[in-house]
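Taken in order, these protein sequences are the chains called V and P.
Each step along the first sequence adds one to the number in our numbering, with nothing skipped, and position 143 is 143.
Each step along the second sequence adds one to the number in our numbering, with nothing skipped, and position 75 is 75.
Hint data in this document are derived by calculation from the structure and do not stem from the laboratory.
If you're wondering where the values come from, they're calculated on a predicted model, not measured in any experiment.
It is possible that part of the hints are untrue.
[To be verified] Below, in silico cross-link-like pairs of lysine-lysine (DSS-like), each with a Cα-Cα straight-line distance of 25 Å or less:
#	chain 1	residue 1	chain 2	residue 2
1	P	K43	V	K115
2	V	K149	V	K112
3	V	K112	P	K91
[Claimed, not checked] For each label pair, taking beta carbons as the anchor points, the in silico distance ranges come out as:
#	chain 1	residue 1	chain 2	residue 2	range
4	P	D79	V	E135	31 to 39 Å
5	V	K22	P	V13	32 to 40 Å
6	P	P34	V	D29	20 to 28 Å
Think of the CB as a built atom: it goes at the ideal place given N, C-alpha and C, for glycine as much as any other residue.
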Amino acid sequence: MSEEAEFPPAPQVAGTSLDGTKIFTVSADENERLCRSVGVTPAADGTAHPVWYYVATQVAMGKTVAGVCETCEFDVEDGPMMGSSGVRFFRPIMVDQPYKVGGEILSLVRKKSRKLGVMDVLTYRLRLQPADGGEAILETDNVWVLPRKELA
Amino acid sequence: MSYAVGDAIAPFVIPSVSADAMKDWAVFLADPNPIHLDVEVVKAKGLGDRVINQGPINVAYMMNMLMAAFPGGMIEAMDSRFLDNVYGGDKAVASGRITAVDGNRIDCEFSLDIEGRGTVNAGTATIRLNA
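For reference, chain V alone in the conformation it holds in the complex:
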């Protein structure tokens, strides 16, 4: 019998939509504050700091962080942890341009680790698109680890 058979399977959430309805715009002021907060000056060419990929997609996706956790039957108070973040840029994020977010949960896989015990590994994909339509300017895959203390 495999170890995975010792505990119940993870909730079936692959395919859950994370399409957002909010419009997200990086203002020049916000971009300057973010750049200063990480020790750089804003670009002069109208491009926003590329780390807005993470901020914009998280803020404007169709669920809050707590909501994503709830979908996975996980209490956000139990401490989700970032595992990895990947991004592919097709075009830069521009200051003062309105964007919207589309996306979906790709997978939720239950595993057992020596360090964390039983955990669910959540992978979701988000795309940042011009608010008025058109191709996505970036796509990001984030992986979170959801420790399942109750199953440890």
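Following the hints, put chain P in place on chain V, whose structure we already have.
Just chain P now, with coordinates in the frame of chain V:
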């Protein structure tokens, strides 16, 4: 400017990770998780005795290193793994090296290291020059 496999990327150094920046990021991310804001909560959860940097700030440090190393270039792809926490007051150093050169595309590997504790983030990126 020419680039070659094995070239080191000039480090980007954060002398002391800012707790005030974490407050700004709680607003940017619309996520007031108290482990980034209240040291007493961090202690109560057994996570340490200093506030914990939001993960994407660590990504930003590594992006800063890449953007400084390749002026005018564009990050086409970047993957980073979160290996450990970064705490307020930590000295953080992002560094890396070139692993491939293909025309105007440069592949790199990089890490974010904390003085006295080692690597807390690591990853790879592809930069397109003269974007």
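### Task
Could you grab the alpha-carbon distance between K149 of chain V and K112 of chain V and see if it respects the 25 Å cut-off?
holds (11 Å)
#### Entry: Outcome for the supplied range 32 to 40 Å, where the beta carbon pair is K22 of chain V and V13 of chain P
holds (36 Å)
### Message
Check whether the Cα positions of K112 of chain V and K91 of chain P lie no farther apart than 25 Å.
### Response
Roughly 33 Å separates the two Cα atoms, so the pair is violated.
### Query
Quick one: are P34 of chain P and D29 of chain V within 20 to 28 Å, going by C-beta?
At 26 Å between Cβs, range holds.
### Query
Has the given pair, K43 of chain P with K115 of chain V, been kept, meaning a C-alpha gap of at most 25 Å?
Measuring from Cα to Cα gives roughly 20 Å; hence the hint holds.
#### Entry: C-beta pair D79 of chain P, E135 of chain V: status relative to the range 31 to 39 Å that was hinted
violated (22 Å)
The structure shown violates the earlier hints numbered 3 and 4.
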